[in-house]
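Undergrad: Chains U, Y and S are the protein sequences, given in the same order. If you read the first sequence in the numbering used here, its first letter stands for residue 1, the second for the next number, and so on. If you read the second sequence in the numbering used here, its first letter stands for residue 1001, the second for the next number, and so on. If you read the third sequence in the numbering used here, its first letter stands for residue 2001, the second for the next number, and so on.
I should point out that these hints are in silico values taken from the structure, not numbers from a laboratory. A quick note: this is a predicted structure, and the numbers were derived from the prediction, not measured. One or more hints might be untrue.
Said to hold, decoys possible - What follows is a list of derived Cβ distance ranges for each label pair:
#, chain 1, residue 1, chain 2, residue 2, range
1, U, G144, S, S2024, 53 to 59 Å
2, Y, A1078, U, P10, 47 to 53 Å
3, Y, A1078, S, P2061, 32 to 38 Å
4, S, E2262, U, D118, 45 to 51 Å
5, S, S2024, Y, L1149, 56 to 62 Å
6, Y, D1032, S, P2222, 53 to 59 Å
7, U, R400, S, T2284, 21 to 27 Å
8, U, A337, Y, T1265, 45 to 51 Å
All C-beta atoms, glycine included, are put in the ideal place defined by N, C-alpha and C.
Take a look at the letters that make up each chain.
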Amino acid sequence: MTFLDYAKAPESTKILSLRDSYGLFIGGEFVDGHGSSFATISPATEETITHVAEATAHDVDLAVHSARSAYAKTWSKLSGSERGKYLFRIARLIQERSRELAVAETLDNGKPIRETRDVDIPLVAAWFFYYAGWADKLEYAGLGPNPQALGVAGQIIPWNFPLLMLAWKIAPALAAGNTVVLKPAETTPLTALLFAEICQQADLPAGVVNIVTGAGTTGAALVSHPDVNKIAFTGSTGVGRGIAKLLAGGTTNVTLELGGKGANIIFDDAAIDQAIEGIISGIFFNQGHVCCAGSRLLVQENIHDEVIQRLQSRLQTLRLGDPLDKNTDIGAVNSKAQLERIQAITDSGDAEGATRWSMACEIPTKGFWFPPTVFTDVQTSHRIARDEIFGPVLSVLTFRTPDEAVQKANNTPYGLSAGIWTEKASRMLAIADQLRAGVIWANTFNKFDPASPFGGYKESGYGREGGRHGLAGYLHSDSAKGGGR
Amino acid sequence: MASTTPVVQQTPRAHTVLGGAVTEKALHTFLDGLPGVDVVGAEARAAGFNSRSIKNESKAWGLDTIVRMVDLTTLEGADTLGKVGSLAKKAIMPDPTDPGAPHVAAVCVYGDMVEATIEALGDWHLSRRPDGIAVAAVATAFPSGRASLPVKLLDTQYAVAQGADEIDMVIDRGAFLSGKLGVVFDQIVQIKEACVRPDGSYAHLKVILETGELATLDNVRRASWLAILAGADFIKTSTGKVQPAATLPVTVTMLEVIRDWHVLTGEKIGMKPAGGIRASKDALRYLVAVAETVGEEWLTPDLFRFGASSLLNDVVLQRQKMRTGHYSGPDYVTVD
Amino acid sequence: MSARIVVPKTYKLFIGGKFPRSESGYTYEVLGVKGQFLANAAKASRKDVRDAVVAARSAQPGFAGATAYLRGQILYRVAEVLEGRRNQFVAEIRASEGVSESAAEKQVDRAIDTWVWYAGFADKYAQVAGNGNPVSGPFFNLSTPEPTGVVVTIAPQGEKGESLLGLCAVLATILASGNSVVALAHQHQPLSAISLAEVLATSDVPGGVVNIVTGDPAELMPWLASHQDVNALDLAGAASLDWVSFEELAAETLKRVLHPVEGIPGFSLERITAFTETKTVWHTKAMG
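Excised from the complex, chain U in its bound form (with noise of 0.2 Å):
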C-alpha cells in the first residue's frame, strides 16, 4: 500500500433516517400521489435508497390549487420582513442539518461527499440567507418602487445539483412573494423530499412550498397548466425550447437555464499551475456534469503540448471511486442513461479522429462510472466540439491569436459560460467584453456566489438565477396582474 492509497474515509449514512417512500409534498402535508410510485437509486451501488411517488396532472392540479390558495390568502398578505423571517429560518435549518443533507446528496445524485459537503450545502444555504434579505427591500430592486410578485411558480429543475438548483427556483421566488410548484429530477427526488421536512420544522404556510416528484409528464403539467403565472426551467436545450415553444403568445412569464458548450481560454502567459487546476475543476469538478462546465480547451497553440503533458500528469492523482468517501474526487455518472449518452458522444470522437486519452484507474464493477478523459486533436466540427456531452470529458482545440479565441469560443449556439486564463488584466477585461455568455471567469472557473448574476446568451436560455438581477425573473414592476416574458 501506498501513501497515496489513503486508506477508507467514508463518511457514514447513519445520520440520515429516511422513510421506505414519501409521498407528495402538498399544501404542508406529505400526501399520497394517485400514481404509481417509482424507486430512486444511488448511482455508486444501483441500491434502492427509498420510494417516491409519481405526481399525475391530478396531482399536479392539486399542488397548484394549494400555491394559489396560499398566494391568495397568506403569503400575499404577509408583509416583505415576515417572508424574510421564514427564509432566514430555512437558511438556519439548512445550517444545522448540512452534514444530513450532503450524505443524502452523495447518495442520491453519486457525486463526492467533498462537493456536497464544502460546495453545495453551503451554497445553498447562502441563497437563502441572500434572499432572505431582499424579501422585504424589493422597492431596492431596480424594478420600480413597487414591484409585484407573479403569484404561483411552476419550477422543474435537473439532477446535477439538486439541492442547490432548488435553492437557485426557490428563495428568490418566495422572496419576491410567489407560491411554488417544484418537480425536482426523476433521478435525484431525495433532498427535496428532506427540504420539505424543513419547511415544516421552519413553520412555513401550508401550501407556499409543494413539492411534486415525477419525470417528464409531471413535468409537462406543470408547464401547461393554466393557472401558473411563472414557469423556471433548468434542463437540456431541448427541453427548453419545447417549453419556450408551448407557451409562445401566453401571459406566462418565462426563464430558462438551459445547456453550454463553455470555452476555457489558456494563453501562453497564464499562471500555468492554477490554469491546469482551472481546467480540471472546469470540466471534471462534478463530473462534468455542470452546464457551464470549461467543457472545450481552447489552449494557445505554442503551449499546446506542455499543457496537455502536466494536465495528465495532475489528472493521475485524482480519485474516482466511492461518493462517500472523504478522499473521492470524481464520483458516479448519476444514471445509467446518462453514462449512455457520454459512452455514444465519446465513441463519436475516436469515430471521427480526435485522440482519446482517460485516466487509468479502477472502475467499480457496480454502478455507472466514467473516468475523465481528454480529447485531442479536436477539430471545430467535431461532435465532441460542439455537442454538450455532460459528462468528465474535455475537448481540447489550439487558437493563435487573441481574436480567433475569441471567434472559435463564440462559434456556437450556445453562451452560457467561458474561462480565460492570462496574467494580462487589460486582456482579460478585452475579451470578456467580445465573449458571447452570460458568466465569464477569470483565472479561476465554476465560482458561484448567491450575490452573482448566472444566465446564458442565445441557445443557453435566457434569465438571470442569483444577485440583485434574479429577482426580475419572479416580479413584474407594474400593479397588473398578470405576468410577461
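Fit chains Y and S to the supplied structure of chain U, relying on the hints for placement.
TA: Below, chains Y and S without anything else, positioned relative to chain U:
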C-alpha cells in the same frame, strides 16, 4: 540596469537553462519570464490538500514518516551544552513509552553547538552508522543574513570543520528584493564551495529563502529556481524567526519548482518547510501535498524534512493514541 | 416570607470587546422614572473614549475585510441572541422608561427587526449603490462603496421608546458596510445599551468593532468630534446638544457628518451609504 558581466562562477545547472554566460541580465530574463502564480488559485489548491482525510494504515505510516523527517531544532541565544544534549537524546528516542519508535532525521543547531551535539548523539550520529542522525548547522549570519560575505563564509567553514553534516544557509533577501539576483546567486555558489571537506566530499546544503520576507508567491517561485540553479541540495522556506514561516501554499509553490526541475533534468531536489507546523494534522497535509505535487518518491528524509521542535511531541501523542486507542497527554511526552 | 435577595448587575463600559470601568473611576446614578435607584453607570472620561477609538480603529480593517455575507450573518446573530434575551430587555426598558409591558415589547420587537433588516442588506447595498460605468474609451470602470472607517455616533436620547431601539438603529446602519463604531448611549437610560453590549459580545461581533460608552455626551463629544482618527460623526441623538460646535470641530479633518434626526431613524439605504466612500477603478482593455 542589470549587468552583462558574468558572475563569479558558472554552475552546470545554470548552464542548462541559461545556455551562455551566467550574468545578472541572463538571470533576470530567465526568472522574470517564469509563469506567475495566481494566489487565489494556489491557496485553493492548498485547501484541497487540507480536506484529504488520512486514516488508519495511511495515518500510521504518515506519522512514522513525519518522525523520520524531523530536523529537531533549537536555535536560541540561550542554548547551552545541556540543552543540545537533551535534544540529542530526544532525537534518538522521541517516545519514552515506545523504544521501537523511529528516530528523527537530524538535529539542527547553531554552528558553535555542533561539536557538543555530535558528542551527545554518540553511536547514533551519522558518522557512526549510515542510518544515523545527522547534525545540521545554520550558518551565514542566520537568521538575518546581514553580514559581509567573508563572515558568512567563515561561519560556514567553521560549522563544516566542527563536523556538521548539513548546512542550512540563508539567502540575502535585501539583495533579492532590490533586484541584485547575481549577488544572491554568487553567495549561494560560494557558500556551497565553503561546504567542501578535506576529503573532497561536501556538506549537504539547504538554502533558506525566508519566504515570509519575499512576500509574493511570484518571488517564492523565482527564488526557488535561483537557489536550485546556484547549487542547492534542498530549498527551505524559512528561518522560523519571521512570521509567516512555512505555509502550505508557499510549500506547494516550491514543490512545483522541484517538480518542473525534475521533469527538465531528471534531478531531484529536496524541500524543507520550517516554522509554524505544530500539529500532526498539519504535517500530514504536507505529506499529501508532497505526494500529489512531486510524487511519493519524495516521501523520504533524503528529499523532505520538517524544521520543527514542538511538532515532534504532537506526533508522538498521536502515535500513542493509535497504539493504545485512547487520547494521551503532555505528561507522556518529554520536555526537551 | 421574605423576598429573595437579588444580585444586581454592575454596568460598565464596553470597549475592545471587554467591559472595563471608567479609567477615571467615576460613575453616575441611573434613576428610574419614579426616581428609584437603578444602578451606578460608568461615567466615561475623555481617556475612555480615546481608548475606544483606538480599539475601533484596530478592529476595523479585519471587519471590513470579512465577506459581506459574514457581516450579514453576524448582524443576524445579534438579532437571534437579542430575541432570546427579550425578557431582560423588556424589564430594563420598563424600569427605565416607565412604559407599559406592551410598549416595551414593541420596542424590543422593532430593535430585533432592525438588526434583521440591516443584516439582510449587508451583502446587497453594494449592488444598489455601486455599478459599472460606461465611460467613453477602452476602459473597464467600476464604482463600489467601501466603509469609511471609524464612526462616532450619539444614540437618540428621547424620554420614551428610544433607550434600546435608538442605539440599535444607529449601530446596525453603521456596521452593515463594515465600519467600526464608538457609540454614546442614552445618557439617562443607559442600561439597555450595556445589556446590548453583552449581546454583541456573545454574537460573534469581533472585539473593538462596537464600543459603547455611558456618560455625558456634552462632555465627551468635543473630544470625539475633534479626534483626528475618527472618520465620521452620526449626530442622530444630538439635537439637544450644541451639535453645531461638534460639526465645526469635525470640519478640521473633513469628517463626514450626519445631522441630528427626530426620534428614531427609519430603515434607510442612504444612512448606510452616508458612511461609505465610493471608489472608482479604471483598467485598460485591449486585445493585444
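Undergrad: A separate judgement is required for each hint: does it hold in the structure or not?
TA: Verification of the supplied hints:
no. : hint                             : verdict
1   : U:G144 with S:S2024: 53 to 59 Å  : holds, 55 Å
2   : Y:A1078 with U:P10: 47 to 53 Å   : holds, 49 Å
3   : Y:A1078 with S:P2061: 32 to 38 Å : holds, 36 Å
4   : S:E2262 with U:D118: 45 to 51 Å  : holds, 50 Å
5   : S:S2024 with Y:L1149: 56 to 62 Å : holds, 59 Å
6   : Y:D1032 with S:P2222: 53 to 59 Å : holds, 55 Å
7   : U:R400 with S:T2284: 21 to 27 Å  : holds, 23 Å
8   : U:A337 with Y:T1265: 45 to 51 Å  : holds, 49 Å
Checked against the numbered hints above, the structure violates none of them.
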